[in-house]
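Chains as they are written, first to last, in numbering that gives the first Met the number 0: chain A, 0 to 820; chain B, 0 to 274.
Derived from the structure by calculation, the hints contain no laboratory data. Keep in mind the model is a prediction, meaning the values are calculated, not measured. Cβ coordinates follow ideal geometry from the N, Cα and C atoms, glycine included. A portion of the hints provided could be inaccurate.
What the hints assert, rightly or not - Which residues of chain A face chain B? A few of them, derived with a C-beta cut under 10 Å, are:
id: 1; residue: A76
id: 2; residue: I443
id: 3; residue: P489
id: 4; residue: R493
id: 5; residue: S496
id: 6; residue: P535
id: 7; residue: A547
id: 8; residue: A550
id: 9; residue: L612
id: 10; residue: N615
id: 11; residue: L698
id: 12; residue: F750
id: 13; residue: E751
id: 14; residue: Y754
id: 15; residue: Y781
id: 16; residue: F801
Next come the chains, spelled out residue by residue.
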Amino acid sequence: MKRCLHFLVFFAFASGLTASSLADSTGPPLKFWAVTGSVRDVAMYRKLAADFERRTGIRVEVTPLAWGNFATKYFAAMAAGLPPDIGVTNLGGPFDYGSVGGLVDLRAAFPNEIAGVEKQYPPKMLGQYTIGNKLYGLPNDLSTLVLYYRTDIFHKLGLEPPKTWSELNRVIGTLEANGYRYYFGFTNNAQWAIGLYTMPYGLPGYRFGADGQPEVLWNEPDYQKGVMEALRLWHMHDSPGKDLGSRVIGMFRSDEPGIAIPLMADIHSSEGSIDITAPEIAGKWDIAPWPRADDGKPFNIIGGTTYVIFRKSKMKREAFEWLKYLNTLDAQRIMILDRADRGDESSLAISPLPEVWGPANAEFWNRPFFRKHDRLRHVVEQILPTFETVPTIHGSVEAGRIEANLLDRMGTFIRDRLDREATDRGISRSQLIRQLGSGKMEAIRLTIEDEIARRLKQEYAAAAPEALAQLRQKTAHYAARYGRIIDELPSYERRWSMLDTMKVAAAAAIAILALTVLAVPRLRKHLTSYLFVAPPGLLAIVFVFVPAVTALYLSFTDYHPVLPLATARWVGAQNYVEVAQSGDLTGSIGRTIRYVVFTLPIGIAISLVFAYLLNNRLKGERYWRFLYFSPLVTSVVSIALIFSQLFLGGPQGWLNALLLKLHLVRDPIPFLTSEHTFLDCVIILAIWHGMAFTILVLLAGLQQISEQLYEAASVDGAGPVRQFWHIAIPGLRPQIFFLAVLGLIGGFQVFETIYTLAGKSGDAGARFGPNDSALTMVPLIYHTGFETFEMGKSAAIAYVLFALILAVTALQLRFYRKGDA
Amino acid sequence: MHDGTRWRILVYSVLTVGALLMALPFYYMVLTSIKPMTEVTQPTVSLLVSHPTLQPYRDLIDAGLVLRATWNSFVVAVLSTAGAMLFCTLAGYAFAKHRFPGREQIFLTLLATMMIPGTVLLVPSFLLFRDFGWLDTWAPLIVPGLAGAFGVFLARQFIEKIPDSLIESAQLEGFTEWRIFGSIILPLSKPLLATLGILTFLGSWNSFLGPLIILLDEKKFTLPLVVAMLQGRFPGKDNMQMAGAMVSILPVLLLFFVFQKQIVQSLATSGLKEE
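Only chain A is shown next, with the shape it has when bound in the complex:
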């Protein structure tokens, strides 16, 4: 007892320390969140913050966000009512957050100064950040793709850095014909960057037409011409995967045909890591700007970041001062210098302010430091004034997902087609690609490309109406629902919501129960008992029943979590109907069933064998137990992280290396990037992780089976295998049933493994598996609730899941009881 007390005191003290370290010591600082791929950006912003504090006395607190899940974090923060004061987010952020009333309209909030700030940017740059006449964001910096190439290998092959798309393809072809490969990194297979290929023809995927209604431009021949180029570069070459990060440098530095990758297309900020990781090739490589379309206008910008100020901020004025400060030439120079001087993360920061690139700043650029960026710099100077963005349309998230899945399917189509061609000729895919590159198989190449183009046309023709419907529906929905609400948000925040009703009801119920117990003498006698069972009871009421009923209510409403709950509107069964009709629900149920059907039986079968074997008296039992049962205590997330590397799609992935070594496959399998194999990887992981618990339960069950049964069987001449079939398995019926029920309930709710294997924390465009191949029910609930923010639909799907689980469990029970009789 005394020891417990000591421990608790120590613990309270330690927790208090923790809590206080998280609280503010002096007045509230300006909360600044910055999405960034580099921890050094934090140091850079802190440097700027220190300078800013010297000038203004305002303290800025800098928090980094990862590119993988920044959007979710911002939305969660807004939904929680706890956003930062000012943040850096993607180009789409101002629209996405502004359209739900999460942001400050800069024009309305700072009418006297905003015109001056806007003039700092090129005239057409701000289109994407406006809704109607409201301005929700300002650009921070921009990103572009560049080509990194080995000058020595190019020289050897007589190649020049390509300036147009056709030159690029010819260069890659020559490289491949000579046994080299090329790597396409950042924006490989990224739907959100498809504009790089279609904007040279002046065509975004969708825009507002002349009649003010959304229109989809996917069926324009020039649009598809651009997309074909993208598909060509992404899928028709032997690129060893995408997002390899610094792993690819090992191949860039190599000289051997078969391994070497003398050409990489990647984001402009990768250059520093090459210097540091591969110093031996210094002087043997260079950078070239991204080539232009042969017949289109130059278009080079793929993305970037923006500043946004949040409506719930209590320091809006200070936030704006910080923003203005960051836009001064001094601050810009500091940022550029800092980014260019980062060892293995050095890069050229692309400021959106023409002033930075203009003659007024020429002296700054004339340092030997920036010599190697000269070519890139000149390109930016040319591109920047013409860089334009178009206003975003509601529903573009859904339309983007449709196109992303389409591009995934095209990728699979191309891969399969090339595989078929290669198999027909009895060669591997890489050999085929090399031959295509050499120019000796022009006729075949044209045939294949023709097939691809025709398939692409079909896909877009089928997908465009769906996307258009989404755009129209969401635009209309927004106009009808949110347009007015956004302006009246403060009043909605004060209104009574359903949750308030639930809370009052719960409190009333608890009060009534308490009073009844106290008042009625028959019950009063047992006061202590009621007190003992009160904690679980209260917790159950507040944290299970109230949410469960609220979820049921929500499932019949239309509600966006960033808005106050009072804005939820009753829509009857519409959520259920929409979700059933959209195919998302049936698709996810199908995938969930497929997952369970494979994981459970195989897992239990394998575990049966191992449990039976482990049931012998073994030497070193402690170690066997440790090895087999370790997964019991480790988090699935950590295991999934390990497996995501084991499943790497290139020859460095251990699984691929093994398969290649055993000559079971000719080319490495893109496990996690192909829709054919992704769900299977999830299943393998689930079986591996689940074996520990399954074996445990089965082993415990086996140990209860009487020795005599085995002995009698031995006497009858039955060997271990027959004893397994006729004694062990029947004797384990209760355990197997128990595992089946639990396994089903758990399997239906699988989430962590899929989330981690799909790399959702790392990749902004990631879905739950390529082409949503692992979008099972809980991921769908998460996606609907926390990615497209349709909380009503999310709750509806959750209740469908609940019903399914109940039904299946009931079925299992009946099946089991029947077996007993």
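Got chain A; can you put chain B on it based on the hints?
Relative to the frame of chain A, chain B by itself:
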């Protein structure tokens, strides 16, 4: 049971293969976590590392996430466990040994809550915690689990087996219920407390989806969140990611190795996996 030598050879060889398969991911993790970047970027596979280094761990600690997250997870888990051990046992005792009106109904209602999958409660819990002002704090990770229905169920099963006579004699001597609980029930419930403790601790330590939705401030993150974050924070830096996985797994594995027997027994009797 089966003693033939052929059988034993078969058993050991199959088990060895199985053990290798089970150990492989852990081996990969350890190996990769001590590889320098130059070896990580090698396009070939090697089962050994030529120039092992602890730099990935140093970089990871410099980034300042993992150690704090480990402490956070520990605080949350300990608080949850202490609470669960106390409240579940208390309620279990009442359900097992007291007779009071509505006992079975209340118990069944509690059990019913176990039927509702956590997924259903996800969205409205978020809204509820928002109203309470509990978002971005650890309260939602600790409070709701303080007296889980499953723990109460386990406790009741266990305490039922304690002989009534012990309790009756204490009552005759005028002990209050609280005293009976403290000096008789608790000391006799060590296996139950161990089971409850281990299950709650593991469940809290490994929980992911809840913290993912509740926590915003990185400084408050628990370990699984940080591990998931490693992919985005250090893309392509396999060694750092694996170092992170190591740090998240190692403490639990060590504890497991030492307390194997108890843990395995608890999990076997509980028959429920916390996911």
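**OP:** Hint by hint, work out which the structure violates, then give me just those numbers in ascending order.
**Re:** 2, 3 and 4
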